[in-house]
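Colleague: The chain contents come next:
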Amino acid sequence: MTAVATRPPRTSPHKRRKPRSRQGRETLLLMLPALVPVLLFSVGPLLYGIGLAFTDARAGRNAVYEFVGPQNFIDLLSDADFWASFRIGLIWAVSVTGLQFLLSLGLAILLNQNLRFRGVARVLAVVPWAMPPVVIGLMWRLVYHPDAGILNSMLGTDIDWLADFSLALPAVIVMGIWSGMPQTTVVLLAGLQGVPKELYEAVEVDGAGTWRRFWNITLPQLRPVIVAITSLDFVWNINQFSLVYVLTQGGPGGQTRLPMLFAYEQAFRYGFFGYAAALGVATMIVVLAVLGIYLWRQMREAS
Amino acid sequence: MKQIPKYAALLAYMIFLVFPLVWLVSTAFKTPQEMANLNPSWIPREPTLSNFEAAFTEQDLVGAGVRSLIVALCSAVLTVVVALPAAYAIARHRSLVSKIAVGWVLVSQVFPFILIIIPLFMVLRNLDLVSTLPGLIIVHVTFTLPFALWMLQGYVRAVPPELEEAASVDGAGRVRSIVSVVAPLLAPGVVATLLFSFISSWNEFLFALVVLKDPDVMTLPLTLVRFTGPEGVSRLGPLAAASVVATIPSLIFFAIIQRRLRSGLMAGAVKG
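From first to last, the protein sequence lines stand for chains A and B.
Going by UniProt numbering, the first sequence opens with residue 1, and the numbers climb by one from there.
Going by UniProt numbering, the second sequence opens with residue 1, and the numbers climb by one from there.
Same shape as in the complex, but just chain B:
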């Protein structure tokens, strides 16, 4: 019986953490008539899919989703391609460059975005990349890079250098030993970093807001925010439906990594 207050506290926490989400999902399935009702209920009285239909047809949600997908895929792949050699260098050679690189990774986390985004916007403008997807991809790669580098160097460090040495004793060349010994062991780490970069880009709002001025090239988060115009209540249903759809990739990602999260906060990435 001593446990009862603990369970009560746990229940309170769970309610606090979950109720907004339940409300979002519930709103997504409600009819406009029910939305206008002044006594909203938790469970939709007549669940409907019309909000999802409206979300997909009224605003260019599909187009925005495709653009988000392109940006997120390109950013993720580019980030890993660019970060992998550097991560290898940082993990294997302890030189001044590596130290500076690690320092930059940490420092880059604390700068106010405004200091970088204004000059970056000017650079992109000079390159005629404002309101283009390549422009946004460049920005996303630059901003995901430090943490991706950090994650990857942790994974490289977890591969014992002795394995490489053993391979070279067996007569494998440097390239061969990396390709056939290091690469397979590194694969899970690379996948994790790809997923992380993908989700960062997929969810990103601020840089997209600054870089993409033209409604025709907007990504999903921007399109979602455009849903909330002066229209008000009648638009809440489609808005909730679109939000639910936009969350799905992140939820899948977290479902994949959540075991890792629970067992000590991405130990491989953080401890290095």
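The shape of chain A in the complex, shown without the other chains:
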């Protein structure tokens, strides 16, 4: 990065009135305090981590490890636990992102209307955002608790939600939707407020109904915001760890073991650093693919 950083003064010294080399040096000097920790503790480890994915590194302090090529990735492809975790991760990320979006859009539209109690509702709508992830996890444990939980007493059921093989994942997804709704709602609300009023007035004259107004104006106008927030939500959700770790630790029987929980277990419970790093690389490829599609769509929109 440092090598690249010194380049601008050389390539375009004549473009500005201010001598670029002096400005470049000043920029570098100002950036230095931030650059050092970022390089040492973020960029460096990231590159090292990608390198580790091609080794048989183990957790021990003095463990020697060697280059094994793509062996970790080959192992990954034939690891049933990995595929199970990957499947759960995709179900989790897609359903949380999708349902969260639909629910948040509904809420944002309501909050954008001239209803009474709107102010109170807007404050309450951000409450989940204000809570630490650990507390959210613990709170939902209280809600789902088989004896002392409120859910069983409200529904009149007697279910151990988080221990049930088929109900645990949906239960975790509900928590995921709950915890991310404020961010999505606030972004969509900001988007809704950015839609020019004149557009609505124009179709009002044509006698368009609520549904047609929504479909022909609101939705197309919101489109960039929608693409952005759902992509971000997807990335956040696929990388989710704390919420689910606190709620279920990946149980029962791995039914809620998201990819990051799987990777964490591999690295810090069993000590397979190289294997866990390979898992990280695989996840990164999925994330980058999703972002690639997003950018591609954005560019197609723009042109």
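Check the hints yourself; a few may be wrong.
[What the hints assert, rightly or not] Here are the simulated SDA-like cross-link-like pairs (lysine to any residue), alpha carbons at most 20 Å apart as the crow flies:
no.	chain 1	residue 1	chain 2	residue 2
1	B	K6	A	L110
2	B	K213	B	D60
3	B	K6	A	I109
4	B	K6	A	L192
5	B	K2	A	F214
[To be verified] Each pair of labels, with its calculated beta carbon distance range:
no.	chain 1	residue 1	chain 2	residue 2	range
6	B	E165	A	R25	19 to 29 Å
7	A	R87	B	R94	37 to 47 Å
8	B	P134	A	R25	27 to 37 Å
9	B	L194	A	N216	37 to 47 Å
10	A	N62	B	A158	49 to 59 Å
11	A	P196	B	P134	47 to 57 Å
12	B	V25	A	L40	36 to 46 Å
13	A	G251	B	R174	57 to 67 Å
14	B	P134	A	R58	23 to 33 Å
15	A	Q221	B	D170	41 to 51 Å
No wet-lab data here; the hints were simulated from the structure.
Glycine residues also receive a C-beta, built at the ideal position from the N, C-alpha and C atoms.
With the hints as your guide, set chain B onto chain A.
Modeller: Below, chain B without anything else, positioned relative to chain A:
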């Protein structure tokens, strides 16, 4: 009357968003006897503070709170000190470095943590910083830095460069013009960034889980999770009480910034 379905929908949303929180608070004030009752009620029949007492005495909640406070304060201050000059450079000089920095800010948001945390753990181990608070502070600073940088450069950009130029016309030196013209205008942005960094660190769980192995140095989120042992129902009261206490700083933070949140998602930070 056309409005009734809308109000019903709004009410349903509010119930969904608020009921877990009400339940948490309610549980925090219940006696163990009431907790064992199979027909739990929303409002505690005999509200008690004993859970808070238990939370503070049984587990080392006070110690954990103090450690969290130290980590969060140090991380916040360090983050801003390190990010501020860089934010200034990014906002004022449009060079390749700035572009790379902004690119990194965006890219850093999408990497799976596991790719960074394993090598980072190895680095910290080599520096003998595992299970120490400085170790965790380093990690928190590194991970808050990109977004703090992003926020700050937005605030710097909102200060017109003409003001600086005017100051230098009046004969102020570069340092002086920054100190007496830019700094006061930047203060609210710096405070917002400090608060943001503080809360990120205060709430952070995953890195603390990896870095802090020793129960004697655990921060608040780790201590909270340790509450949920195999003990089960009898511990739920203190657990809820401790959770309520741990949420207070975040709630204060959101109370401060929530007007800003509502008026268009931190416009200064995002639009830049």
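Colleague: Evaluate each hint against the coordinates.
Modeller: Right, here's what the structure says about each hint:
{"no.": "1", "hint": "K6(B) x L110(A)", "result": "holds, 7 Å"}
{"no.": "2", "hint": "K213(B) x D60(B)", "result": "holds, 15 Å"}
{"no.": "3", "hint": "K6(B) x I109(A)", "result": "holds, 10 Å"}
{"no.": "4", "hint": "K6(B) x L192(A)", "result": "holds, 17 Å"}
{"no.": "5", "hint": "K2(B) x F214(A)", "result": "holds, 18 Å"}
{"no.": "6", "hint": "E165(B) x R25(A): 19 to 29 Å", "result": "holds, 21 Å"}
{"no.": "7", "hint": "R87(A) x R94(B): 37 to 47 Å", "result": "holds, 45 Å"}
{"no.": "8", "hint": "P134(B) x R25(A): 27 to 37 Å", "result": "holds, 31 Å"}
{"no.": "9", "hint": "L194(B) x N216(A): 37 to 47 Å", "result": "holds, 45 Å"}
{"no.": "10", "hint": "N62(A) x A158(B): 49 to 59 Å", "result": "holds, 52 Å"}
{"no.": "11", "hint": "P196(A) x P134(B): 47 to 57 Å", "result": "holds, 52 Å"}
{"no.": "12", "hint": "V25(B) x L40(A): 36 to 46 Å", "result": "holds, 43 Å"}
{"no.": "13", "hint": "G251(A) x R174(B): 57 to 67 Å", "result": "holds, 60 Å"}
{"no.": "14", "hint": "P134(B) x R58(A): 23 to 33 Å", "result": "holds, 26 Å"}
{"no.": "15", "hint": "Q221(A) x D170(B): 41 to 51 Å", "result": "holds, 47 Å"}
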